[in-house]
Structure formats: C-alpha cells, structure tokens
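Colleague: Residues per chain are reported as follows:
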Amino acid sequence: MSVKTKRRLNRVLLWVVITVMGIWMLFPFYWAAISSLKSEAMLAMTPTTFLPRDPATQQFTIYTRNYQAVFTNQAFLRAIVNSAIVAISVTLLSLAIGSFAGFALGKLRYRGKTGTLYVILAMTMFPAIAVLTGLYAMITNLGIPPIPSMIITYMLFTLPFTAWVLTSFFRELPTEIFQSAQVDGASPFQTFYMIMLPLTAPAMVTTGLLAFIGAWNEYLFALTFTSVAPNARTLPVIIANFPSQFSMQIPFGEIMAAGIVSSLPLIALVFIFQRRIVAGLTAGAVKG
Amino acid sequence: MAQGGASDLAKREQRLAYWLLAPTFIVLLLIAIYPLMSVVYNSFTNAVFASTTPTEFVGFQNYRTLLSVTVKSIPPKRDEAGNPIIDERTGEVAYESAVSVLPREPQRFRQVTQFSLFGNRYVLGATDPDFIRSVWDTVVFTVATVFLELVLGMIVALIVNANFKGRGLMRAIILVPWAVPTAVSSQMWAYMLQPNRTGFFNTVFWYLGLGSGEIPFLSDPTWQLPSMIMIDVWKTTPFMALLLLAGLQLIPSDIYEAANVDGAGPLRQFFQMTLPMLRGTIAVALVFRTLDALRVFDLFQIVLGQARYSMASYTYYQLIQNRQMGYSSASSVVIFLVLSIFAIIYMRSLGVRSDER
Chain A
5 MSVKTKRRLN RVLLWVVITV MGIWMLFPFY WAAISSLKSE AMLAMTPTTF
55 LPRDPATQQF TIYTRNYQAV FTNQAFLRAI VNSAIVAISV TLLSLAIGSF
105 AGFALGKLRY RGKTGTLYVI LAMTMFPAIA VLTGLYAMIT NLGIPPIPSM
155 IITYMLFTLP FTAWVLTSFF RELPTEIFQS AQVDGASPFQ TFYMIMLPLT
205 APAMVTTGLL AFIGAWNEYL FALTFTSVAP NARTLPVIIA NFPSQFSMQI
255 PFGEIMAAGI VSSLPLIALV FIFQRRIVAG LTAGAVKG
Chain B
30 MAQGGASDLA KREQRLAYWL LAPTFIVLLL IAIYPLMSVV YNSFTNAVFA
80 STTPTEFVGF QNYRTLLSVT VKSIPPKRDE AGNPIIDERT GEVAYESAVS
130 VLPREPQRFR QVTQFSLFGN RYVLGATDPD FIRSVWDTVV FTVATVFLEL
180 VLGMIVALIV NANFKGRGLM RAIILVPWAV PTAVSSQMWA YMLQPNRTGF
230 FNTVFWYLGL GSGEIPFLSD PTWQLPSMIM IDVWKTTPFM ALLLLAGLQL
280 IPSDIYEAAN VDGAGPLRQF FQMTLPMLRG TIAVALVFRT LDALRVFDLF
330 QIVLGQARYS MASYTYYQLI QNRQMGYSSA SSVVIFLVLS IFAIIYMRSL
380 GVRSDER
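From first to last, the protein sequence lines stand for chains A and B.
The numbers in the numbering used here rise by one with no breaks, and the one at position 127 of the first sequence is 131.
The numbers in the numbering used here rise by one with no breaks, and the one at position 22 of the second sequence is 51.
Simulated from the structure, these hints should not be mistaken for lab results.
Some hints here could point you the wrong way.
[Said to hold, decoys possible] SDA-like mimics (lysine to any residue), calculated; alpha carbons at most 20 Å apart, straight line:
| no. | chain 1 | residue 1 | chain 2 | residue 2 |
| --- | --- | --- | --- | --- |
| 1 | B | Lys40 | A | Gln194 |
| 2 | B | Lys106 | B | Phe86 |
| 3 | A | Lys111 | B | Gln43 |
| 4 | B | Lys40 | A | Thr118 |
| 5 | A | Lys117 | B | Glu42 |
| 6 | B | Lys194 | A | Val21 |
| 7 | B | Lys194 | A | Arg12 |
Small disclaimer: the values here were computed from a predicted structure and weren't measured.
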C-alpha cells in the first residue's frame, strides 16, 4: 500500500467515525422532533416510522396540533416564565457575587487565600442532595415562596462555579493594568469596577451562560420546592410530570413538543457561543 | 517594601479582598453549611416532616436501619432421611425460604438478593433492602457510565481535536446532548425505549431479528440499569470529551512531529505519548464524573420513578413521599460522606497537576 492510498484510507475512516458520532449525538433529538410532529394515531403505529406518516395511506404528513396544544397549555406557559425568572435572576446574582470573589481570589493578595480557594473548589463538588432535607425544612419554616427559594438555593451550584471560573479569568489579566490604575490614584474598588469588569465582559458572558443553562435545567430542588405549589413549577418539572388531560395514555407527542420548545433556546445559545462554552467548561473543571 | 505606604496599600488590599469575598461566604453558609449541619443533626432524630409528634433523639438508629446488612447461608430442604431434596423439573437442589434464616431481632431483615458460592446458597439481607439496592445500583451505574464515557469520550476528543473541515460544527454538535435538559432527554429516551414497536429500539431490534419487538426495557429489572447507563452515556460523553479535549490541547504538537520522524505509528503514539501526558486530566475527569454519577437523580426519578432507586432518588422519596425527615437526613449524610471521599481524591489529583506545571 502506497503512502497516498494509506492516507486516503485514513481520511475515509475518519469521516466514517465522524458520521457515526454525529448520528449518535443528534439522533435522539431528531427522534423527539419527528415524534412531536405525530398525532396519537401516528405515534401508535407499529412498527414505528422514521418520518411522520399517515396511518392509512403511509403518506408523509405533519401534525402540528401538539405544538398548538403546548402553546395553549397554561401550565407550560407559566413554566416558561418561571424558568426564565429563576434562571435569569440566578445568573445575574451569581455573576455579581461571583465576580467579587473571583477578583479577590484572582488578583488580590491577602492572608488565607489558599484556604479560600480550596473551600470554593470543594463547593463546586458539593452534592445538592446532601442539603435537600435541610434546605426544604429551612424554607418551609421561614415560609419563603418557591420561586425566591429556587433563586437562592440554585446559587449552591452556580456561585462556586462562577467564582472559580472567573478567578481563572481574572488571574490571566495582566497585573500591570491594575497596578498602573493604582498609581493613577484609583481606589481598589474603582480599579475593579472601571477597569477589570469591562475587561472580563467576555468571561462574564461565558460563565453567565453556563450558570443560566445549569439553572434552566435544574430539577431536584425545583421538584422538591414546588411539590405543593403547582404555579411555581419550572420547565423540567412540567416536562417530567406532563399531565395527560384527555386520555390515560402518556401524551408523548406533546411531551416531545414541549421538550423541543424548551431545549431549542439552549441549543441555539450553545451553537452561537460554542467556543466560549468549551473554554468556560474546561476552565471550570480542569484548570487548577 | 518596608515603606509605610506600601504596607498600607497591602492592608487596604487585604481588607478589600475580605469585603469582596464576604457575600460569597454568607450565601454559601446560608445554603450549604447551615443546612448540612441541620441535616447531620436531624439524622440522629426521628423527625417526621409536618407532624405534631415530638421529635426525639434516637442516636444512630437511622444509620443502623439504613446500613445493617447480613449474610446467612440457606440450608437445602431435606426429606425425612435427611437427604437434600432435588427439584425434579430443574434438577437443582431446593432450598428453604430465605425468610426462615434472616434475623428478626432487633429489627426484621429482608432479602436483598441471593447468591451461590462454593456450592452453598447464601442470602444477603438488610433492614432496608431498598436503600442497599439503591447503593448497589448507583455504584454499578457509576462504574459502568464512567468507564464507557471515558473510552467513548476519549475517541470523541481525539476526533474533534483532529484537523478536518467542519471541526467547529462538530464541536458544536457534541454539545447538543449536554445542553438538552435532563428532564427532556429522559423523556426522549423513555419514549424511544417503549416496550413495543412504537418505540425506536424495539423496532430496530425487531428489524434486525433480535428479540420479539416487545422488550420491556424500563419495567424488566434486567434491562433497567443498562437502559439508564445508555441514556447517561449519551448525555454525558460530550462533557467527558470536552474535559479530555482541554487536556489534549495542552500537549505540544512538536512531540508528535518528532515521533512521526521516528516512525512511531498512531497507536504507539497514543499509548506511549498521549495517554501518559493526559494522566492528570484523566484523573480529574474520572473523579469529577464519578461524583456526578454517584448523585444521579433526574434520570432515575423521571424514567423509573419508584420502580428502582438511585441513592438520591431514594432520599427524595423518603423525604417527600414518606416525610421521614430524620431518616432521609441520615441517607443524605451517607451520600455526603461517600462523595466527600471522592472529592478529596479529586483535590489531591488537582494538587498533583498544579505541582507538575
């Protein structure tokens, strides 16, 4: 085998693997998408069809009533609003508080730094389930409504993460900028506010996005805190417990439609900010 | 540096640092440390949520109920002459029922599983078989998913690290499973795993001539765990791949050029260069994923409900369904301790990394 054919063979092999990988990653999502375009009768066809087809004629047909049903479903619409309120508030709060901590950890010299770094790192691995019982009791005793309690408690996983990632971004900024500002007579807080913060805007977008995705997808706390408050339920809770109003059957068509609607914004964000997300995720997890 | 101005500045800097860190620590104290303390305290009581009965201190009772296990040998059934009875249909020795050998005092033990060893039959009993089973299932789930995700994630990472047209698009595509909310992906897979040919997998197996087309993936105990593992592998391999990709990009490319000149093949390059240099990254990724897998909740709760528990979903049901606050606190503490051990390993492996650099 000449070098050239060998190289060509490698190329073909690479593309085979890439194709398999792409299908593997995307197929479940494709399946959900076509299932959301099937009626009850089309969903019940055996064997199942790879395109939405009419049960009688086998013709390709698209059924849009699932989406209509989803967009007229009050519980689902309320869940979108709830999820948006919770996720946006969590993101802004953890960015604000986390950037303070990130700046201190990344740029300031103070006693006890290694200790605090380790505490924050340990917190990024803190298991939510371990405090579920305690948080639930605390929130019920204090009578905090479900939405504020979700906003506060989601900080358990977003805040250490944002603080940690922003620390590594702050650390990479050249110290000279910071020092020259000091020489010019800026107070440390002014330096932080007027120089560091604008410089870290890209990092803020990245970490904010990751915090947003985390909060948008959170299920354990949402399920627990809204167990007696249906009006406060977020999208994951609604989708996981989709009510079948008209039949005993699980309404998979509508569930898939709801699932697609609630994933699409995230997938769009991921595609737009792909590079930054990869950088943020890996900075949070791997960089020591 | 001994000038008054400099040390004044240092003092100001230190004060600012404490002020900037204060909000983070207050929040974490409020939502992590305080609840954890109350969970530890509650785990020693018989607290029932929203109940009027007074809470009593019960010491280690909850832990004893959660963790008590015993192994007893089951004697074979014997006829009047004392010979073991052989089951006529299967040709195997018939055994007494497990209930007869499991202790009832101080608490009743129930069967978790039976197994044979050196020709003897044993029963594993526990005072809370559901919890022991959830621990076992979670551990099996963790080991299997982390292993598969490491292998597949490595393949994915090597591919998206290679140079080809459309690499950026591929890197975006592998983020899709990660971005889809677990609640959604669990429902997606639950639908694909339907127990008849309305489900994708049963249809494909049926086309391929495997199975009857009616495999009850989610209700048959032998298929439940493999199904969970498959869903999690799909969902989380991308994350593993990203961690490994970050490690791959730290490896300088000129060492590969040197290896190419030396005539080392790609497999040899992978095992003798890439893998050793990725050791730190792999260690971190492994423990990071292990921690995540050990606390799995969404997937089990949504797809299997109360048919089969993970450690986390068991704790959730004890709290919300049974309102056993003391008891669920104890299982929270057990999970916390198990996870902490892994977290310490994680910190250690991180420490090793930063020393090397």
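Colleague: Take the hints in turn and mark each one as holding or not.
Modeller: Hint-by-hint comparison with the structure:
{"no.": "1", "hint": "Lys40(B) to Gln194(A)", "in the structure": "holds (17 Å)"}
{"no.": "2", "hint": "Lys106(B) to Phe86(B)", "in the structure": "violated (44 Å)"}
{"no.": "3", "hint": "Lys111(A) to Gln43(B)", "in the structure": "holds (11 Å)"}
{"no.": "4", "hint": "Lys40(B) to Thr118(A)", "in the structure": "holds (18 Å)"}
{"no.": "5", "hint": "Lys117(A) to Glu42(B)", "in the structure": "holds (13 Å)"}
{"no.": "6", "hint": "Lys194(B) to Val21(A)", "in the structure": "holds (14 Å)"}
{"no.": "7", "hint": "Lys194(B) to Arg12(A)", "in the structure": "holds (15 Å)"}
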